[in-house]
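> Residue strings, one per chain:
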Amino acid sequence: MSGPEVYSNGAPRIGVYVCHCGLNIAGKVDVREVAAFARELPFVVVAREYKFMCADPGQELIREDIRQLNLNRVVVASCSPLLHEATFRRALEQAGQNPFFFQMVNIREQVSWVTKDPRQATEKAKALVAAAVRRVILHEPLQRRRVPVKDRVLVVGGGIAGIHAALTLADAGKRVYLVEREPTIGGHMAMFDKTFPTLDCAACILTPKMSAVASHPNITLWTYSEVIGVEGFVGNFRVRVRRKPRYVIEELCVGCMQCVDACVYKDARFPDEFNMGLGKRKPIYIPFPQATPRVVLIDPETCIRLKTGKCRQTCMGACDRKAIDFEQQERIEEIEVGAIILATGFKAFDPRRIPEYGYGKYPNVYTALEVERLVNAAGPTGGEVRLRDGRVPQRVGIIHCVGSRSKRFNRYCSRVCCMYSLKLAHLIKERTGAEVYNFYIDMRTPGKGYEEFYDRLLHEGVHFIRGRVAEVTDWAITPEEEGKLILRVEDTMIGVVRRIPVDMVVLAVGLEPQPDADAVRRMFNISCGNEGFFLERHPKLAPVSTFTDGIFLAGACQGPKDIPDSVAQAGAAAAEALALIDKGYVELEPNTAYIAEELCSGCKTCIGLCPYRAISFDEARAVAVVNEALCKGCGTCVGACPSGAAQQHLFEDAQIFQEIEGVLAYV
Amino acid sequence: MAYLYFPGCSLKGTSRAYDESLRAVFEALGAPLIELEDWNCCGATTYMSIDERQAFALAARNLALAEGQNPSPANGAELIAPCSACYLVLLKTQKRLATDASLGQRISAALKEEQLCYRGRVRVRHPLDVLVHDIGLQEISRRVRHPLRGMRVACYYGCQIVRPYAPFDNLHRPTTLDDLARALGAEPVDWALRTYCCGGSLTGTLPEVGVRLNYLLLKEAQRRGADCIITVCPLCQFNLEAYQDQIRRRYRDLSSMPVLYFTQLMGLAMGLPPKSLGMQRLMIPLIQPVGAAEKGGIHERA
Amino acid sequence: MATLERHIRYEAELDPSFAREIIASSGSPSLMECIQCGTCSSTCPLSSYMDYTPRRIIAMVREGFKQEVLRSSTIWLCASCYACTVECPKEIPITDIMYALKRYAVREGIHRWRFAIPLMARLFYETVRRNGRLTESWTVLKLYLQTYPLQIPAMVPMGWKLLFRGRFPLLPERIRGRLGLQRVLRAAKE
Numbered sequence: 001m002s003g004p005e006v007y008s009n010g011a012p013r014i015g016v017y018v019c020h021c022g023l024n025i026a027g028k029v030d031v032r033e034v035a036a037f038a039r040e041l042p043f044v045v046v047a048r049e050y051k052f053m054c055a056d057p058g059q060e061l062i063r064e065d066i067r068q069l070n071l072n073r074v075v076v077a078s079c080s081p082l083l084h085e086a087t088f089r090r091a092l093e094q095a096g097q098n099p100f101f102f103q104m105v106n107i108r109e110q111v112s113w114v115t116k117d118p119r120q121a122t123e124k125a126k127a128l129v130a131a132a133v134r135r136v137i138l139h140e141p142l143q144r145r146r147v148p149v150k151d152r153v154l155v156v157g158g159g160i161a162g163i164h165a166a167l168t169l170a171d172a173g174k175r176v177y178l179v180e181r182e183p184t185i186g187g188h189m190a191m192f193d194k195t196f197p198t199l200d201c202a203a204c205i206l207t208p209k210m211s212a213v214a215s216h217p218n219i220t221l222w223t224y225s226e227v228i229g230v231e232g233f234v235g236n237f238r239v240r241v242r243r244k245p246r247y248v249i250e251e252l253c254v255g256c257m258q259c260v261d262a263c264v265y266k267d268a269r270f271p272d273e274f275n276m277g278l279g280k281r282k283p284i285y286i287p288f289p290q291a292t293p294r295v296v297l298i299d300p301e302t303c304i305r306l307k308t309g310k311c312r313q314t315c316m317g318a319c320d321r322k323a324i325d326f327e328q329q330e331r332i333e334e335i336e337v338g339a340i341i342l343a344t345g346f347k348a349f350d351p352r353r354i355p356e357y358g359y360g361k362y363p364n365v366y367t368a369l370e371v372e373r374l375v376n377a378a379g380p381t382g383g384e385v386r387l388r389d390g391r392v393p394q395r396v397g398i399i400h401c402v403g404s405r406s407k408r409f410n411r412y413c414s415r416v417c418c419m420y421s422l423k424l425a426h427l428i429k430e431r432t433g434a435e436v437y438n439f440y441i442d443m444r445t446p447g448k449g450y451e452e453f454y455d456r457l458l459h460e461g462v463h464f465i466r467g468r469v470a471e472v473t474d475w476a477i478t479p480e481e482e483g484k485l486i487l488r489v490e491d492t493m494i495g496v497v498r499r500i501p502v503d504m505v506v507l508a509v510g511l512e513p514q515p516d517a518d519a520v521r522r523m524f525n526i527s528c529g530n531e532g533f534f535l536e537r538h539p540k541l542a543p544v545s546t547f548t549d550g551i552f553l554a555g556a557c558q559g560p561k562d563i564p565d566s567v568a569q570a571g572a573a574a575a576e577a578l579a580l581i582d583k584g585y586v587e588l589e590p591n592t593a594y595i596a597e598e599l600c601s602g603c604k605t606c607i608g609l610c611p612y613r614a615i616s617f618d619e620a621r622a623v624a625v626v627n628e629a630l631c632k633g634c635g636t637c638v639g640a641c642p643s644g645a646a647q648q649h650l651f652e653d654a655q656i657f658q659e660i661e662g663v664l665a666y667v
Numbered sequence: 001m002a003y004l005y006f007p008g009c010s011l012k013g014t015s016r017a018y019d020e021s022l023r024a025v026f027e028a029l030g031a032p033l034i035e036l037e038d039w040n041c042c043g044a045t046t047y048m049s050i051d052e053r054q055a056f057a058l059a060a061r062n063l064a065l066a067e068g069q070n071p072s073p074a075n076g077a078e079l080i081a082p083c084s085a086c087y088l089v090l091l092k093t094q095k096r097l098a099t100d101a102s103l104g105q106r107i108s109a110a111l112k113e114e115q116l117c118y119r120g121r122v123r124v125r126h127p128l129d130v131l132v133h134d135i136g137l138q139e140i141s142r143r144v145r146h147p148l149r150g151m152r153v154a155c156y157y158g159c160q161i162v163r164p165y166a167p168f169d170n171l172h173r174p175t176t177l178d179d180l181a182r183a184l185g186a187e188p189v190d191w192a193l194r195t196y197c198c199g200g201s202l203t204g205t206l207p208e209v210g211v212r213l214n215y216l217l218l219k220e221a222q223r224r225g226a227d228c229i230i231t232v233c234p235l236c237q238f239n240l241e242a243y244q245d246q247i248r249r250r251y252r253d254l255s256s257m258p259v260l261y262f263t264q265l266m267g268l269a270m271g272l273p274p275k276s277l278g279m280q281r282l283m284i285p286l287i288q289p290v291g292a293a294e295k296g297g298i299h300e301r302a
Numbered sequence: 001m002a003t004l005e006r007h008i009r010y011e012a013e014l015d016p017s018f019a020r021e022i023i024a025s026s027g028s029p030s031l032m033e034c035i036q037c038g039t040c041s042s043t044c045p046l047s048s049y050m051d052y053t054p055r056r057i058i059a060m061v062r063e064g065f066k067q068e069v070l071r072s073s074t075i076w077l078c079a080s081c082y083a084c085t086v087e088c089p090k091e092i093p094i095t096d097i098m099y100a101l102k103r104y105a106v107r108e109g110i111h112r113w114r115f116a117i118p119l120m121a122r123l124f125y126e127t128v129r130r131n132g133r134l135t136e137s138w139t140v141l142k143l144y145l146q147t148y149p150l151q152i153p154a155m156v157p158m159g160w161k162l163l164f165r166g167r168f169p170l171l172p173e174r175i176r177g178r179l180g181l182q183r184v185l186r187a188a189k190e
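Top to bottom, those sequences are chains A, B and C.
So for the first sequence, the numbering used here puts the first residue at 1; every next one is plus one.
So for the second sequence, the numbering used here puts the first residue at 1; every next one is plus one.
So for the third sequence, the numbering used here puts the first residue at 1; every next one is plus one.
Just chain A, with the same shape it has in the complex:
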């Protein structure tokens, strides 16, 4: 460095602090020597070494020196910035200095912990400190920007997680939009008959929450609707929602169902989605009796009037509220929210992918969800467990881990199947008196009351055979096997191969991400993990936030989990969203990129490269513009810009070159 420089706030007066970090650094690096070395560097006013710089006495050292010695630059050589950069910057602020006149040198993870020879380690530490000293001279007094946060929240998905999150936020006084793709909220939980381990009636515990949602003044409930576009950034999201046409005016319909009775189809004829195809419905229908909102909808694929235009429209005649409107169009709504919670749930594994299990080939092979509908009193069989031909099963086999714990399908364990298999075993046995066999690999019952539930099932005389069934077959060898489905399995506990004929096979299918999870995650600009579930920010310490600020996750869309965990996570997501909104503003780190407009040629190279879609093009001035709120300071545009117009605060070319020179001069 030479020649008179124009410094941001007067001639630099630098304080250098070398931390011992107990023995973590001092055990390898000669910290005294490094401090002594730093003392001799240009513009360094004071250089100290101390045992624990991050502790309060260490902070006080910095604060005192700033006050007493008029320091205007600080370098701390200690651990990783990820740990304590914020701590030291705060110390500068507390002493009245701009926190960005600070540079941290990592001589622990990058020197002490990875260098064998103490002499080499000390030399490396000295070179890095010299680099930091040169760099910090060129720092600018950056300001953190504050952006106000809108106080509304969008919850996507109306299952138990979405419902709980919405209610928590609404009860806290926040306005919530709850958008649900299906015509009713309730999600998968609404399909269950009982929930484990208490065997609470699912509808009894869910419907109060559903009607609370419907009647809450702070919740705008949009069912049969989908999010189609998201723009903006934390605190300021602009979301477009498509409201699909029910052909029924929601505000007028009271759910009396006269129209359904009056439909020209005297009998229900079409496979009923809510009943997993086991029951039938008419083209005009309500998914299930407790559907919320209690509004009828018309399926354009099967309604004669909508398909052909010709129908007596007896439904319209029966409705004295005049709620049916065949001309209804889809509506696009635009809303502005400060935070978004994704609670889009899961999809059950499709057992057709395992032809050995005979699903689809043998009529009496069912999935667990289908059986949930069978045992549900409001289901297609009125709560009776029946085979396809109406007979009562006398022997039922439940196969665990279908599609889970397998390299061929999903490697992970789906977490809930052991428990729901126990529940179904209990319900089937209770309803039919059948012999029930559970074929498992491990029994996973970790929650509160779960192991006790397993005890109960053992007591009830359900057979538990530890052995995975390879195949379901109708190949009968003995007379007792004729006409049955045979499960040949190694009973690994007793140590013998067994052939067990059953009337009915239940496949405990695993949980998978929704089929459009990837498209959804792109829309919200978050990531998915290996298995396709939405990715949390940190698997241990940040399970409900994502790498996109302002977007939170709740429930099975983040990974397979049961109802208690989904509710807990929904509460957590609501809390974090509340924290964001109540603060009222978001403070943006200033290490963002910016475009030096006089250098920008308008080539637009940076725009497509930005992973955060933070750069837009100003047509009027023909230059690129960086949205500081979205920019994460990754530096991609800076590296790519052909004219050097894209630059970055805190990572200016001049600063980086000084750092390089610093290392080279002393290495």
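Hint data in this document are derived by calculation from the structure and do not stem from the laboratory.
Yeah, the Cβ is synthetic: ideal placement off N, Cα and C, and Gly gets one too.
Among the hints, erroneous ones may be present.
Stated by the list, open to error - Only pairs whose alpha carbons sit at most 20 Å apart, straight line, appear in this in silico EDC-like list of lysine to aspartate or glutamate: (1) Lys189(C) with Glu114(B); (2) Lys540(A) with Asp565(A); (3) Lys244(A) with Glu334(A); (4) Lys244(A) with Asp325(A); (5) Lys219(B) with Glu480(A); (6) Lys90(C) with Glu356(A).
What the hints assert, rightly or not - Cβ-Cβ distance ranges computed for the label pairs, FRET-style: (7) Arg123(B) with Pro29(C): 47 to 55 Å; (8) Gly136(B) with Arg178(C): 39 to 47 Å; (9) Gly136(B) with Tyr362(A): 52 to 60 Å.
Mind docking chains B and C on chain A? Use the hints.
Leaving out everything else, chains B and C in the frame of chain A:
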């Protein structure tokens, strides 16, 4: 299309009828088979149980011979191996040599002892694959002179043409043989044991075990109302047919079930002379005559 | 009075390197990931005859129960149908592991009760090495002479039927390149 042909030891011995009917059918379809000169035993499951590298060398010698005797050098050689064990061993060798460089080197060095060289330009094919996919079911249907008029046929694939590689059919629910049977006018029976193992050589080494496995197969075919079983593997046919007397002595609830090589049934449907298909070599005659009205019965009692 | 047997295994009796050897010989380390689900035993058509099911063999290989594994009937009963291999949720090549165990047992000279199967393997091996091809009739005859000589009279009717139908070749098959083949095999020997 010229196909090189690797009969395998069984087809020269107990399964001569498979060799005869295979040649006859391919000849009639305009794709005569060219037998590989001086081919050696593929090693089957045995060599792999004793010395892995020797096993690969044994198989590789045949691949090298095929490469050298390729009738159309512009393309890779197509080598048809009807015996399931031969087919699997040759295919496995081919795959291993393609991916395992150090094994490839050792085998190349070994082959040099006989001035042989293998460069990976051979495709090992099963005749069922060739018939269904190269020649095509439509063409085969066209050639049928005596449609099998709903003869109920249990199509038995055995294990090794489907597992582990499933190179030309669905692993769990194979259909090629059933489709072929249908193309001949037969009615393939729906049964769960299409790919259940016959026990291979266990009928000879552990008769009690081998006999039971084959009893299970025959019994199920009978239970499903099959008139006959067709197979693709010489050992399967031998186990199911030659041992049937023993099986029936041990298990009294079994009736006689004819077991044919699939090429024999094909040949019959195509109107080829039964003797050319080795029909007289069968121990259990085909009861439902094919083309009986025209030909006055096609089987001879032994 | 029946005699009591004590069954206990001490660590010193086990072979900790056995698993590694079998992994190397079978070509895949995935046997370490076995969760002992029993799918292999479930689908194996021979499992009801085996003294140790395939699942148990994998557990025993992993823990080093070398003597028990090599003396089991399992490895010789395996008919290489590959049903286990295609069903295993961890994609463990169980059939190839059985081959590796067979080879190991042959190398160590361990055969359980003068078992017919390893004997058959040896006869097959010798014939092919000598002649280049197998003549089934003679090989099976030799097998019976050495294992079930008393069964031969019962097999005569079948033999006669086969002979009469030209399915019992009397002349041994030989290839021209016999000597060359022997050189090739010698060069490839493990």
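> To test your reading of the hints: which numbers does this structure violate?
7 and 9
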